[in-house]
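Residue numbers (our numbering), protein chains in the order written: chain A, 23 to 146; chain B, 34 to 382; chain C, 121 to 293.
Treat the hints with care, as some may be off.
To be verified - Computed list of lysine-lysine pairs in DSSO-like fashion (alpha-carbon distance at most 27 Å, straight line):
# : chain 1 : residue 1 : chain 2 : residue 2
1 : A       : Lys-78    : B       : Lys-245
2 : A       : Lys-79    : B       : Lys-226
3 : A       : Lys-94    : B       : Lys-332
4 : C       : Lys-162   : A       : Lys-49
5 : B       : Lys-331   : A       : Lys-67
6 : B       : Lys-218   : A       : Lys-67
As the list claims (entries may be wrong) - Here are the simulated distance ranges between beta carbons:
#  : chain 1 : residue 1 : chain 2 : residue 2 : range
7  : A       : Lys-85    : B       : Lys-226   : 47 to 57 Å
8  : B       : Glu-162   : A       : Asn-71    : 40 to 50 Å
9  : A       : Lys-67    : B       : Asp-363   : 33 to 43 Å
10 : A       : Asn-71    : C       : Gly-146   : 50 to 60 Å
11 : A       : Lys-67    : B       : Ser-109   : 43 to 53 Å
These aren't lab readings, by the way, just hints derived from the structure by calculation. Idealized CB from N, CA, C, for every residue including glycine.
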Amino acid sequence: MKLPIKSFLGDSLIILISLIFIVFAFKTFWHFETGSVVQVNFQGKTYGNFSLFQDKKISLIGKEGESMIEIKAGRARFAHAPCKNQYCVQQGWIHRTGQMLICIPNEVSIEILGKTKAYDSLNY
Amino acid sequence: MRFIKFFFIIVALCFLQSCSKTSLYQSKHYVFGTIVDISIYGESDKKAEEATQAVLHEFTRLHHSLHAWKRSDLTSLNEAIAKNKPYINPSPELTEILKEAKILEDASNHLFNPAIGELIDYWGFHQDEFTPIHPDKSKIKVLVERKPSLDQLSISGSSISSANAHVKIDLGGYAKGYALDQAKKILHERQIKNALINIGGNIIAIGQHGNKPWRVGIQDPRGSQAIAKLDLPDGWAIGTSGDYQRYFINDGIRYCHLIHPFTGFPIQNVYSVTVLIEPAKNAGTLSDVLSKPLFIGKKEDREALAKKLNIHHYLIIEENRISMTQTMADKIQFLDMHSQKKNHLEITH
Amino acid sequence: MTRSIIKIKTTLLDHQIAKLSAIAIGLSLIESVLPSPMPGVKPGIANIITLYAMYRFNFKTALWVSILRVFATSLILGQFLSPTFMLSLTGSMLSLLTLYFAIKLPSQFFSPIGLSVLSSFAHIGGQLLLVRLWLIPHASIYYLIPIYSVAALLFGFINGWITYRLLKHHNSI
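Here chain A stands alone, though its shape is the one from the complex (with noise of 0.2 Å):
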C-alpha cells in the first residue's frame, strides 16, 4: 500500500465535519437548565435583558409605583413591590429556563430566558 503522492485531504474533511457535528450536536442537546439571561417586561413592551451573572437592580416606575427587581450572582427576583398581595415578591428567586414572575398591578414581569424554551406559553 505505498503510494508516493499522499495527502490528508480526505482525513481533513472527516474532522472538519467532525467538528460541526460536535458544535451542532452542543448546540441540540445542550440547553442548560439555567438561564443566563432575565427578560424584563413592562407595560406591555420589553424592558431590556439583562445578564443573570451582572449584579443589578433595576427600579421601574409604573402605575402603582415603584417595582425594583434585584439581579444576582445568577438569580432574579423582585426585591420590592408596589402592590399589596407582594407575591411576586414572596415568590422569592428564579433562576431556570422558562420561570417567571408577573407583578401584574404594576404591569412588570421577569423572565428567565435560555437558548430553549420547553414549552411555548404557560398554563397557570
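With chain A held as given, fit chains B and C onto it using these hints.
Positioned in the frame of chain A, the structure of chains B and C alone reads:
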C-alpha cells in the same frame, strides 16, 4: 462525495432552524387585568402585529363590557337587578353569554355559579388588590341562603330581569375563556393559521408551531416554574383553576378566590385543577368554566361530574397527590422528576 | 499409556493474529485501570492495533483481533456477558463495520487518521444506541452526545496519528 452532501444537509438544517425562529411573532400585553401572551407563527411581522392589535382591541372591549366590579354593561345589569328593575336592551352578546352560562351552571349541578357575586364581593375578591378579611360565619350563611342562581333570570331579547334581587353576576370564570373563542374567530377572519393565545393562563391553540404542535407548560401550584408540559393540538384549549392565582392568607389559612356556592367558603386543600378541552366552537369558554366544578365539587363526585360535563382530560394537584385521567397521563410530560416522586400519582378513568 | 498429542496446524497469519491480539488485550487491560473522567470516555488505545491490523494485513485479521480482544479482556476482568461486555462488543463491531467500508475510500486522500476518527464515532454511536435501546431506555442520554463526540474526535485523532506513525515506521503506508 456523500460527505459533502452531509455537510450541506447540516448547513441547511442550521439555516432552517434560524428561519423558523424569525417567523414567530410573540408579544405580551396587560389587558383584562392580567397578562395576555399572543404568539403567531409563520406570518409576516406586519400581518402578525395587526392581528395581535385586533385581538387586543377585542379584549379591551370585552373587559369594558364584562368586568365584574369596574363600570361595565355587566355592572349596569347587576345594579338593575339589585333595584328589582328589568335591564332594558341588553346587547345580544350579553344575552347569549348569560344563556350559555346558565346551561353550564345547570350542567355543573350549580357548582359553577356566576350569580354569587355578593359572596365573592364579601370575601373581598372584587378588587384589584384584596385585603385579608376575618370571615363572619353568620354573614356568610345569610349570603348563601339567598340562593342566587342564573336560573332566576328571565332573559328575553329586549330585557333581562331577575326574580332574586341578590343575583350578582360575576363572569370571572367565563369571560377569559369567551375571549379566547373571540380571539380565535378574529384570527380566523384574518387568515392567521398558526397562533397560541394565552389570557392569564387560559390557552387556546390554532394550528401549530412550525412542524410541531404548540407546547404549553403547566404551572406548579407551589412553585414558580412549570411542573409538566404537553402538546396542544389545533383547536384544543387548556385552563386551570388554582388556589394560588388570587388568594390571601389570614392566620395561616389560605383563602382562595374559588368559593363554594353552597357553603360560601373558599375551597381548601385543592391546589389546582387543569382541564384540557377538545376542539369545539366554545372550547375556550369550556376550558375556563369546566375546571371550576371539578375544583369545587367533592372528591368522590369528581369522576361522575367529569363524565356528565364531558371532560375527558383533567389533572388535579393536591397536597402530596396528583390525580389525572389516563388520557391526560398519555399526553402529559412531567418536567420535574422530584415532583413526581414526592407526590402520589393516581390515574382515574 | 499412550501419549496423545493434539496438534493444531497454524499459519503465519494465525501467529500474527495471536501476537496482535495479545498486544491489544494488554492495552485494553492497561486502559481499564486508568481513571476515566466519566463512564465511557476512554482513549480506546486498543483500536490502534485493530487499525494497524487492517492496514498491515486485511479486514479479516482486524476482525479476529478485535473479537479476541473483546472476549479475552472481558473474561480476564470478569465482565463476560455483562453490560460492559455488551457495550464493548457492540462498539467494536460497529466500528469494524465502518472501517470495512471506510478502507475502500481512496487512500491518497484518506489516512488512518481519518479512518480512526470515523471508527471512534461509530464505536461511541453504537454504544449510545445500545444504552438507549436496551440498558436504560427511559434515560435521556442526549445530553451526553456532545461530550462523547468531543472524546471520539480527540482520541480518534490521536489513535489514528499513532497508527499512522507505526505504519510509516514499518513502511506499510
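Each hint tested on the structure:
1. Lys-78/A to Lys-245/B: violated, 37 Å
2. Lys-79/A to Lys-226/B: Measuring from Cα to Cα gives roughly 41 Å; hence the hint is violated.
3. Lys-94/A to Lys-332/B: With a Cα-Cα distance of about 43 Å, the restraint between Lys-94/A and Lys-332/B is violated, given a limit of 27 Å.
4. Lys-162/C to Lys-49/A: Measuring from Cα to Cα gives roughly 24 Å; hence the hint holds.
5. Lys-331/B to Lys-67/A: The hint is violated at about 43 Å.
6. Lys-218/B to Lys-67/A: Judged against 27 Å, a Cα distance of about 25 Å means the pair holds.
7. Lys-85/A to Lys-226/B: 47 to 57 Å: violated, 36 Å
8. Glu-162/B to Asn-71/A: 40 to 50 Å: The hint (40 to 50 Å, Cβ to Cβ) is violated, given that Glu-162/B and Asn-71/A are roughly 29 Å apart.
9. Lys-67/A to Asp-363/B: 33 to 43 Å: Between Lys-67/A and Asp-363/B, where Cβ atoms are some 39 Å apart, the hint holds.
10. Asn-71/A to Gly-146/C: 50 to 60 Å: Holds, at about 56 Å.
11. Lys-67/A to Ser-109/B: 43 to 53 Å: Since Lys-67/A and Ser-109/B have Cβ atoms about 34 Å apart, the given range 43 to 53 Å is violated.
Hint violations for this structure: numbers 1, 2, 3, 5, 7, 8, 11, all remaining hints satisfied.
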